[in-house]
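Next come the chains, spelled out residue by residue.
Protein chains: 2
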Amino acid sequence: MSESRIDYSLYLVTDRGLSRGRSTLEIVRAAVRGGVTCVQLREKTGSTRGFIEEAVSVKAFLNSCGVPLIINDRVDVAMAVGADGVHLGQSDMPLAAARPLVGASMVIGISAESIRDAVAAQAAGADYLGVSPVFTTPTKADTAAPLGLAGLRAIREAVKTPLVAIGGLNCSNAAEAIRNGADGIAVVSAIVAAEDPEQAARAIRREIDTARRPWV
Amino acid sequence: MSESRIDYSLYLVTDRGLSRGRSTLEIVRAAVRGGVTCVQLREKTGSTRGFIEEAVSVKAFLNSCGVPLIINDRVDVAMAVGADGVHLGQSDMPLAAARPLVGASMVIGISAESIRDAVAAQAAGADYLGVSPVFTTPTKADTAAPLGLAGLRAIREAVKTPLVAIGGLNCSNAAEAIRNGADGIAVVSAIVAAEDPEQAARAIRREIDTARRPWV
Chain A
1 MSESRIDYSL
11 YLVTDRGLSR
21 GRSTLEIVRA
31 AVRGGVTCVQ
41 LREKTGSTRG
51 FIEEAVSVKA
61 FLNSCGVPLI
71 INDRVDVAMA
81 VGADGVHLGQ
91 SDMPLAAARP
101 LVGASMVIGI
111 SAESIRDAVA
121 AQAAGADYLG
131 VSPVFTTPTK
141 ADTAAPLGLA
151 GLRAIREAVK
161 TPLVAIGGLN
171 CSNAAEAIRN
181 GADGIAVVSA
191 IVAAEDPEQA
201 ARAIRREIDT
211 ARRPWV
Chain B
1 MSESRIDYSL
11 YLVTDRGLSR
21 GRSTLEIVRA
31 AVRGGVTCVQ
41 LREKTGSTRG
51 FIEEAVSVKA
61 FLNSCGVPLI
71 INDRVDVAMA
81 VGADGVHLGQ
91 SDMPLAAARP
101 LVGASMVIGI
111 SAESIRDAVA
121 AQAAGADYLG
131 VSPVFTTPTK
141 ADTAAPLGLA
151 GLRAIREAVK
161 TPLVAIGGLN
171 CSNAAEAIRN
181 GADGIAVVSA
191 IVAAEDPEQA
201 ARAIRREIDT
211 ARRPWV
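Chains as they are written, first to last, in our numbering: chain A, 1 to 216; chain B, 1 to 216.
No lab work stands behind these hints: they were computed from the structure. Fair warning: there could be bad hints in the mix.
Coverage of chain A stretches by chain B, computed from C-beta distances (three or more under 8 Å per stretch; other residues unrestricted) [to be verified]:
#1 17-30
#2 47-60
#3 72-81
#4 168-182
Even for Gly, the Cβ is constructed at its ideal location relative to N, Cα and C.
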């Protein structure tokens, strides 16, 4: 396991299909201005070359502002573009196969839908866990039943690995996810599909920051 | 460029959609019994984990009979399973990005649809070229106009890299592709969709062997 150097606070996951015709780079730039601390590029359609070209352009921007880039699923794309991390779902490459390819310095995030997934991923050396779905999500059709805040908290009690809550997260529930053990909030549609992604990101970031400083 | 250790003579490319409900492993076993010398696994749908699991099972069989395994597109899958090679189309990872990841020992094949593609791929260190489409093919909808035998010959004259002819190849035209400069014949539907893949492979292999020994 590599030392985690990533601030997971507000973790954007891209989705071209929800972007209302705006480019992924355009969404990412706006979201980072609004306070996103980490970006995961997720491209489930299109060619490998197109994914690499997009990742290269997004990475050039992110490097200029010190925000890390994580690639969904494609270990080869992550390696080719020198991404900071790769995110692997339970149907992607197993962590034990990916670690020898990417080495110790690349962050590997694993999707966990249960305590069992989370404990296994921690034991295998995951750098962070994407805990999902915390709430009902419109983004993915194939997910399990929502874990809820109690499910998130139970995973928090079971593992020490940083947890990123994902699934139906938005301005109205980000704070309670933080208070129930999430180290970060992953957002897809609440930013990507927003009329104003920058303002949407800023509002969620404010909720996260406030939830961490209950004394303010 | 690595020393090519692969016999490209009869090069099977899998296609689950054409397999009439038979498993890829079943097709591969029959095709190897019929004389296939090299297998490329091509999986354009399904999960990464599913692709890896299939590749592991096909590789276990191929290792037992000394036939090399090449993975289509997915450099990460090729690395994870320790494949002999990876085949990259013009929309896949560029060779220059893939070589540092896979090292010198893994074979990299590149699709070439023109003399220009072929010369560029040779210069970049491709281990072999998939020259396509030589004939009209029912397998892929997005290919360029067929090169024909004259186009294959022109590429043969332009490069020294081993050439594998692909696109509409079958028992009736394999021999003329060999006589026009192909080092091997890549076959999809003529084996994968055949009533008897073993017999289909054997018949094509016989054509190839005969075309190489015109004195017999």
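Requested in this report: Could you check the structure against the hints above and give me the numbers of any it violates, in ascending order?
Outcome: 1, 4
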